[in-house]
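Protein chains: 2
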Amino acid sequence: MTSLDSKEWALKSRPVGMPQPSDFEMREVPVPAPEEGEIQVRNSWMSVDPYMRGRMIDRESYVPPFQIGETLQGGAVGRVTASRHPDYEEGDLVSSMAGWREAWTAKPESVAARKLPEAGLPEEAFLGVAGMPGLTAYAGILRIGELKEGDTVFVSGAAGAVGSVVCQIAKIRNCTVIGSAGGPEKCDFVNSLGVDHVIDYKQAGGFDGLVAALREAAPKGIDVYFDNVGGDHLAAAIEVARPFARMAICGMISQYNNTQPAPGPHNIIMVVGKQLKLQGFIVSSHTDMQPQFVSDMASWISSGQLKYEETVREGIENAPEAFIGLFEGANKGKMLVRLS
Amino acid sequence: MTSLDSKEWALKSRPVGMPQPSDFEMREVPVPAPEEGEIQVRNSWMSVDPYMRGRMIDRESYVPPFQIGETLQGGAVGRVTASRHPDYEEGDLVSSMAGWREAWTAKPESVAARKLPEAGLPEEAFLGVAGMPGLTAYAGILRIGELKEGDTVFVSGAAGAVGSVVCQIAKIRNCTVIGSAGGPEKCDFVNSLGVDHVIDYKQAGGFDGLVAALREAAPKGIDVYFDNVGGDHLAAAIEVARPFARMAICGMISQYNNTQPAPGPHNIIMVVGKQLKLQGFIVSSHTDMQPQFVSDMASWISSGQLKYEETVREGIENAPEAFIGLFEGANKGKMLVRLS
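If you're matching them up, the sequences are chains A and B in order. Take the first sequence: its position 25, counted from the start at 1, is 19 in our numbering, and no numbers get skipped. Take the second sequence: its position 192, counted from the start at 1, is 186 in our numbering, and no numbers get skipped.
Just so you know, the hints here were simulated from the structure itself, not pulled from any lab data. Just so it is clear, CB atoms sit at the ideal spot from N, CA and C, and this is done for glycine as well. Do not rely on the hints blindly, as some may be mistaken.
[Said to hold, decoys possible] Partner residues aside, some chain A positions facing chain B, computed with beta carbon under 7 Å: (1) P259; (2) V265; (3) S289.
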């Protein structure tokens, strides 16, 4: 049991619009040996996720905002290097919310730590396909989207950590799947997931273009829309929705860096005549699905029905760049930072 | 069995923006004696409803658009004057979609006619509280709004045929109810229904004013919003919604006469963090609730728990004015035209 040194990131200033590297500040701190009830962990991977942008705003929300000068938080996986907690041993694999740092010492419950199974999956899968983004996809499409066999499903952000899993679950359930993503490289990736149609939204160009592309891909309209993007995508989904369509609203990444509120969908009135359901959700409200999720996911991955991709940045120094990259479309699948 | 004369209204031109009297055309036609399988009916009351505005637009929708020069349609009640149909006798009370006319002869099924019970209610109640608007309120607040005892409920258009019933059902279920209406006379009416708070939206003045009034009436936020209005009301409801709030979207009367699409709610992104459900619905999808609805409604009316008001225009000549009045806020409760 020794103390370690850890580089970690704090918020230096609240971003206005697109986050800038200058909004972040790195420092090196000692990580002490654990006291009674604590564990010491060296993180091997940390996650950057779009929802973190919301926590950088000083407002009331479902998670409290990050404070200026305090170390940032987020998903991480690592190995226990020392333990004075009865449930943990040196070498245990743990996930926690103590990301944005190389190592930490804390009571496990204070950082939402839990031991992970050695399930034959690479460690970092627990930050992606077998972790929070995977469960987000699973709960969102099955419970909120009320997915039925044979539905026509539209997924925005289809090359992302969540969207790519949504597309594949819908294909496993014998649905027709249309994914949208930005640029040829990501569209190729979405195609490789086995979807039926891919829309390059950068080529489609705005609401009218998206509607035209959707009408071509789904002449009878869509039954389910999984929204990671908001804006024109949501309006286009409403426009081509069939009666009783369900829209699972997971995020609106197109809006996160807005400095002024953007207008909502101009065709919202269609929710009445088409009897649409728009429903927002947060993964933490659906943890009751975790056991079934892990079981389904393990079986789909091992059978080759579900593939995943990662975009990796190397080293804690590159964490802000990885995060900013989320809003520049720099990732295919899960964006990760390798820490050790 | 004789033929009758009937005055009836057709659409002369498709309204642009607010409907004008010149968009309508009255004519007198003979109503023949019935042939085999037909009934002849003299309407006693006809209904004008906001949804009819949508049918005046030439577009694909859940009901086909009205055609220029054809007699308009809508809810009506009347008495059979002659019958060559085995299920109907002279004097039977019937509801039908053959409104906008004084009398008609047709096969019952061609105008969605059905015999009404002589339930001790005045005939015109079957166009309002015991008819389509009543069932709209009932299905919307209970099924779509998922009303629970103790909820805080916000109802727009609270002085209208639907809204006034929604308010009272929510009070019967021990909820805190906030109703909004335009002008002192309507607000007095909403108050008389026993709601907890009334907002005069004309005094509140737009989104900010509505939000302020709602925060005062419901400091902890709202659990259910029943939307008859759209626009600023919907955005204000989203703004003050509590987590997991349900929004039953019944209509958006503030939008029906728009010549350009209005922007949707600028704060739609809040549906994610607050995990809101926005769900549109049409009464015809919920006719399975009819038996329970009639039973509950009869018991609530006879016990005095549920009151209703009507605004009556006299004579077929005044039907367009009654309809246009819906968009000018001319009605408290159900707007009706007495035909005989």
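To see whether the hints hold, each was checked on the structure:
1. Interface restraint check for P259(A): the shortest CB-CB distance to chain B comes to about 4 Å, inside 7 Å, so the restraint holds.
2. About 4 Å separates the beta-carbon of V265(A) from the nearest beta-carbon of chain B, less than 7 Å, and the hint is met.
3. The criterion of a C-beta within 7 Å of any C-beta in chain B is not met by S289(A), whose closest approach is roughly 25 Å, and the hint is violated.
Violated hint for the displayed structure: number 3, the only one.
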